[in-house]
Amino acid sequence: QKEVEQDPGPLSVPEGAIVSLNCTYSNSAFQYFMWYRQYSRKGPELLMYTYSSGNKEDGRFTAQVDKSSKYISLFIRDSQPSDSATYLCAMGVGDYKLSFGAGTTVTVRA
Amino acid sequence: DTAVSQTPKYLVTQMGNDKSIKCEQNLGHDTMYWYKQDSKKFLKIMFSYNNKELIINETVPNRFSPKSPDKAHLNLHINSLELGDSAVYFCASSLALAGEETQYFGPGTRLLVL
Chain C
2 QKEVEQDPGP LSVPEGAIVS LNCTYSNSAF QYFMWYRQYS RKGPELLMYT YSSGNKEDGR
62 FTAQVDKSSK YISLFIRDSQ PSDSATYLCA MGVGDYKLSF GAGTTVTVRA
Chain L
237 DTAVSQTPKY LVTQMGNDKS IKCEQNLGHD TMYWYKQDSK KFLKIMFSYN NKELIINETV
297 PNRFSPKSPD KAHLNLHINS LELGDSAVYF CASSLALAGE ETQYFGPGTR LLVL
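Protein sequence lines, in the order shown, are assigned to chains C and L.
First residue of the first sequence? That's 2 in my numbering, and the numbers climb one at a time after it.
First residue of the second sequence? That's 237 in my numbering, and the numbers climb one at a time after it.
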């Protein structure tokens, strides 16, 4: 079993819809949680970073962490075609190694 | 101005060959990484260097040898290439060694071994 599980999708939604992405993990020691966005043929770029359970909002993006359930989510409101990308969750535990999920490919249809 | 750059962008080669991928960052970061992303988009760390010193060496075959001539450069040399080495290789850097530091990724090198 992988340390971080993420449904690879693909996920296709109409423009304006809410996109919901999830990851589960098995290592209860993970302390910080990140979401990276990767456009086609590009490197990943950091989108959101959270350090504790709860919600964090940044514009149309909301990251949610539930440490008791070992579950994290990313919500994208009012999705745009420019949000079409692969979204990777990543997490770590105080050292210098991130564990990544497999990535979910999202397509927002105009 | 590109923050993390990699060369070449594409590499097509025969099994058994030796090849190198170069990475440079102009962010003034202390820590650099090599990742491998397979066809299913799964991103897995291979190596991490901090101030030119090897910190992380995951269970990577010793055909893969990283070299960091200075803090701004981390190269990856691969000997005796195998079909299973076909993947996208990403270089990344972060300000410091701490795991929660944002990692900045290069554009990737697409390696195809025939």
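Hints were generated in silico from the structure; no laboratory data involved.
Hints may contain errors.
Said to hold, decoys possible - Taking beta-carbon pairs under 8 Å as the criterion, some of the chain C residues facing chain L (in silico):
(1) Ala-30
(2) Arg-38
(3) Tyr-40
(4) Phe-101
As the list claims (entries may be wrong) - Simulated crosslink set (PhoX-like; lysine-lysine; CA at most 20 Å straight-line):
(5) C:Lys-98 x L:Lys-245
(6) C:Lys-43 x L:Lys-288
(7) C:Lys-43 x L:Lys-245
(8) C:Lys-43 x L:Lys-272
Said to hold, decoys possible - What follows is a set of in silico ranges between Cβ atoms, one per label pair, in the way DEER data are often shown:
(9) L:Lys-303 x C:Gly-55: 37 to 47 Å
(10) L:Tyr-246 x C:Leu-47: 18 to 28 Å
(11) C:Glu-4 x L:Pro-297: 20 to 30 Å
(12) C:Pro-11 x L:Thr-338: 25 to 35 Å
(13) L:Lys-276 x C:Arg-61: 20 to 30 Å
(14) L:Asp-254 x C:Gly-17: 47 to 57 Å
(15) L:Ser-316 x C:Asn-56: 26 to 36 Å
(16) L:Gln-250 x C:Ser-69: 45 to 55 Å
Virtual Cβ for every residue (Gly too), placed ideally from N, Cα, C.
Hint by hint, here is what the structure shows:
A distance limit of 8 Å between C-beta atoms decides the matter here; for Ala-30 of chain C the minimum to chain L is near 12 Å, and the interface restraint is violated. Hint status for Arg-38 of chain C relative to chain L: violated, with the closest Cβ pair at about 11 Å, above 8 Å. A hinted interface residue such as Tyr-40 of chain C counts as satisfied when its beta carbon comes closer than 8 Å to some beta carbon of chain L; here the least separation is about 10 Å, so the hint is violated. A hinted interface residue such as Phe-101 of chain C counts as satisfied when its beta carbon comes closer than 8 Å to some beta carbon of chain L; here the least separation is about 4 Å, so the hint holds.
For the proposed pair Lys-98 of chain C and Lys-245 of chain L, the alpha carbon gap of about 25 Å is over 20 Å, so the pair is violated. The straight-line distance between the Cα atoms of Lys-43 of chain C and Lys-288 of chain L is roughly 26 Å, outside the 20 Å bound, and the hint therefore fails. Straight-line distance between C-alpha atoms of Lys-43 of chain C and Lys-245 of chain L comes to about 11 Å, which keeps the hinted pair within the 20 Å bound. The suggested pairing of Lys-43 of chain C with Lys-272 of chain L holds, with an alpha-carbon distance near 14 Å, which does not exceed 20 Å.
Checking the proposed 37 to 47 Å range against Lys-303 of chain L and Gly-55 of chain C shows it holds: the Cβ atoms sit about 43 Å from each other. A C-beta distance of roughly 25 Å is found between Tyr-246 of chain L and Leu-47 of chain C, which places it inside the suggested range of 18 to 28 Å. For Glu-4 of chain C and Pro-297 of chain L, the Cβ-Cβ distance of about 21 Å falls inside the hinted range of 20 to 30 Å, so the restraint holds. Our hint of 25 to 35 Å for Pro-11 of chain C and Thr-338 of chain L holds, since their Cβ atoms are close to 27 Å apart.
Our hint of 20 to 30 Å for Lys-276 of chain L and Arg-61 of chain C holds, since their Cβ atoms are close to 28 Å apart. A C-beta distance of roughly 51 Å is found between Asp-254 of chain L and Gly-17 of chain C, which places it inside the suggested range of 47 to 57 Å. In this structure the supplied range 26 to 36 Å is violated for Ser-316 of chain L paired with Asn-56 of chain C, their Cβ-Cβ distance being about 49 Å. A hinted range of 45 to 55 Å holds for the C-beta pair Gln-250 of chain L and Ser-69 of chain C, which are about 52 Å apart.
The structure is inconsistent with the numbered hints 1, 2, 3, 5, 6, 15, although it conforms to all the rest.
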